[in-house]
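Visitor: Sequence:
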Amino acid sequence: MALKPLYDRVVVRRLEAETTTKAGIIIPDKSAEKPTQGEVIAVGEGAICESGEVRALAVRPGDRILFGQYAGTKTKVDGEELLIMKESDILAIVEVEQAEEKAA
1 MALKPLYDRV
11 VVRRLEAETT
21 TKAGIIIPDK
31 SAEKPTQGEV
41 IAVGEGAICE
51 SGEVRALAVR
61 PGDRILFGQY
71 AGTKTKVDGE
81 ELLIMKESDI
91 LAIVEVEQAE
101 EKAA
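In this text, residue positions in the sequence shown follow my numbering: the first is 1, and each later residue adds one.
You may find that some hints are simply not true.
Unchecked claim - Straight-line Cα separation of at most 16 Å, EDC-like style, residue types lysine to aspartate or glutamate; simulated pairs:
#1 K74 / E39
#2 K86 / E45
#3 K74 / E53
Hint data in this document are derived by calculation from the structure and do not stem from the laboratory. Computed from a prediction, not measured in an experiment: that's the story for all the values here.
Could you put together the complete structure from these sequences and hints?
Guide: This is how it looks when you write it as structure tokens:
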């Protein structure tokens with residue numbers, strides 16, 4: 001099943017939280033915070049302005065984003081937990097440098 005969000009809503013898949021600190025300390029799953037980064041899976045048509053025009057969203061499918069810890073509404077699709085949130089809940093687009101992408 002595919003989700004097509006309406007208007008200015010975005011479907012996001014949370015990225016896995018890091019379980020090890022830079023110092024090498026392993027963080028147990030129960031004490032780890034929910035990740036606040038995700039990948040955009042689908043976007044709506046756009047926000048409707050006061051003039052009635054539709055403004056395209058700033059994010060695109062595949063973008064890596066940063067959002068608030070309690071942003072969005074959880075839903076399960078085909079056993080996968082996804083978030084549906086408004087574009088205004090997105091804090092930033094994370095731009096991954098090409099060197100990091102090659103290393104991964």
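Visitor: Could you grab the alpha-carbon distance between K74 and E53 and see if it respects the 16 Å cut-off?
Guide: Roughly 29 Å between the alpha carbons, so the hint for K74 and E53 is violated.
Visitor: Can the restraint linking K86 and E45 be considered satisfied, given a maximum Cα separation of 16 Å?
Guide: Holds - the C-alpha atoms of E45 and K86 are around 12 Å apart, at most 16 Å.
Visitor: Is K74 within 16 Å of E39, Cα to Cα?
Guide: 14 Å, holds
In terms of the numbered hints stated before, the structure departs from hint 3 and from no other.
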